[in-house]
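A.B. asks: Spelled out, the chains give:
2 protein chains.
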Amino acid sequence: MSAKQPIAFYFDLFSPFGYLASTQIEKIAARHGRTVDWRPVLVGITVLKIMGMKPLPTYPLKGPYLNLDGHRFAQIYGVPYKPHGLKGHNSLAGMRAFQWIKSFDESLAVEFAKRMYAKLWVESVDITPVEVSADVAAGLGVDREKILAALASDEVKQALTTAVNDAIEQGVFGVPFFIADGEKFFGNDHIWMMERWLKYGRWSPEDSVGL
Amino acid sequence: MSAKQPIAFYFDLFSPFGYLASTQIEKIAARHGRTVDWRPVLVGITVLKIMGMKPLPTYPLKGPYLNLDGHRFAQIYGVPYKPHGLKGHNSLAGMRAFQWIKSFDESLAVEFAKRMYAKLWVESVDITPVEVSADVAAGLGVDREKILAALASDEVKQALTTAVNDAIEQGVFGVPFFIADGEKFFGNDHIWMMERWLKYGRWSPEDSVGL
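Protein chains in written order, with the numbering used here: chain A, 35 to 245; chain B, 35 to 245.
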């Protein structure tokens, strides 16, 4: 049996739908004998600027729908979810911290991302200050001074920039965004389609999932 | 048994994803013992202006993905689909014609919409000129002079405007958009969720659809 490729899961701590997907992706991958490669992207800071768009929840008509949809997905997934109402926050320190931790311990980085997601999307903690990333990482056994030094270093900043550029190169324009065996999927609402792709490896009406 | 509400299906002939959904909605509704109420909306002309957005396929990064996604949905549905590459076209005459036909024969209006969708999204025919709507309606037995007169009348123009304003009032920001028993769903990628709602009438992890 040939080794199966991991599912690339592009995430941004900034995104509520990224949070929601992050609670499910490991389970989904496991159903298909896959692992997950968590990859950072900066939607608000970088991608939307390239696209000439604002964050989707701020658009008239679409905003209220996305709010409804977030709560609905949380219920379907059975996970806690609390929109925080913060303004002026960003995920830069958290995403840099993730990329740095990933450089020496991938599963630790995933655990860090999950805890950071919970801070922002369950506990309404503003994750903008570097100290929040340092505290969360310290709770996972990472040396607090070491991560604060890393977050101030040009190398770590550049590592995230490179990763985000790679994501954009792949066509990532929002999160959650998945690449599975070369096929691209955007949004929690496309997960059923990705699962079908992982199961059948083709698109055909005969592979209907039904209800 | 109490009468079940029809599924409101908001469509715009302009939209490729509206076309794709139009090929499936009757079958989906029938699976749940429902009928479909086809309701017009003007996405390009009206809704996107309110939102301050351009048509989604014109955005960098998102455009190529939507192109891929359209072809993928066509394969999943097993229907013909050919992006037309037209520019400067609109769906105004066709949507007015639909609304006018619906005022005296709802199922005829649906058949008209389906044929117009096929014109634009399978045969690459520009549906902007009123003559195209007149020809398609004539092919369904509608008097050609009568529909041309209707399309020039203020009453018919106003009828569509009223319908579009109703759609916006409901929060419709794109197509396909569905309202089923009060719950709103946007996009072909949300149809699985609508089917779940129609089946269970609630959101719960226990109702997992799995694969």
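Worth flagging that the hints you see were computed from the coordinates, not collected in a lab.
Note that the structure is predicted; figures quoted are calculated from it, not measured.
Treat each hint with caution, since some may be false.
Heads up, the list lumps identical chains together, so a pair's fine if it works in one copy or across two of them.
[What the hints assert, rightly or not] Derived DSS-like pairs: lysine-lysine, alpha-carbon spacing no greater than 30 Å straight-line:
id, residue 1, residue 2
1, 61, 83
2, 191, 148
3, 83, 180
4, 96, 180
5, 180, 61
6, 38, 180
7, 96, 233
8, 83, 121
9, 96, 116
10, 233, 88
11, 83, 38
12, 121, 153
13, 121, 233
14, 191, 233
A.B. asks: Evaluate residue 191 and residue 148 at a C-alpha cut-off of 30 Å and name the case that applies: within, between, both or neither.
C.D. replies: within (21 Å within a copy, 53 Å between copies)
A.B. asks: Treating 30 Å as the Cα threshold, decide for residue 38 and residue 180: within, between, both or neither.
C.D. replies: neither (35 Å within a copy, 62 Å between copies)
A.B. asks: Checking an output row: residue 121 and residue 233, CA cutoff 30 Å. Within, between, both or neither?
C.D. replies: neither (41 Å within a copy, 38 Å between copies)
A.B. asks: At most 30 Å between C-alpha atoms: does residue 121 with residue 153 qualify within a copy, between copies, both, or neither?
C.D. replies: within (15 Å within a copy, 47 Å between copies)
A.B. asks: State whether the alpha carbon distance between residue 83 and residue 121 is at most 30 Å within one copy, between copies, both, or neither.
C.D. replies: Classified as both; 18 Å inside a copy, 26 Å across copies.
A.B. asks: Checking an output row: residue 96 and residue 233, CA cutoff 30 Å. Within, between, both or neither?
C.D. replies: The answer is between: 26 Å across copies meets 30 Å, while 32 Å in one copy does not.
A.B. asks: Treating 30 Å as the Cα threshold, decide for residue 83 and residue 38: within, between, both or neither.
C.D. replies: neither (35 Å within a copy, 45 Å between copies)
A.B. asks: How would you label the pair residue 61, residue 83 (within, between, both, or neither) given a Cα cut-off of 30 Å?
C.D. replies: neither (33 Å within a copy, 40 Å between copies)
A.B. asks: Regarding residue 180 and residue 61, is the shortest C-alpha distance of 30 Å or less found within a copy, between copies, in both, or in neither?
C.D. replies: Cα proximity of residue 180 and residue 61: none, with 32 Å in one copy and 59 Å across.
A.B. asks: Could you place residue 233 and residue 88 in one of the four classes (within, between, both, neither) given a Cα distance threshold of 30 Å?
C.D. replies: neither (35 Å within a copy, 36 Å between copies)
A.B. asks: With identical chains, the pair residue 191 and residue 233 could be close in the same copy or across copies; at 30 Å between alpha carbons, which is it: within, between, both, or neither?
C.D. replies: Neither: 38 Å inside a chain and 49 Å across chains, both beyond 30 Å.
A.B. asks: Have a look at residue 96 and residue 116 and pick one of within, between, both or neither, based on CA distance no larger than 30 Å.
C.D. replies: both (19 Å within a copy, 28 Å between copies)
Hints 1, 3, 4, 5, 6, 10, 11, 13 and 14 from the earlier list are contradicted by this structure; the remaining hints agree with it.
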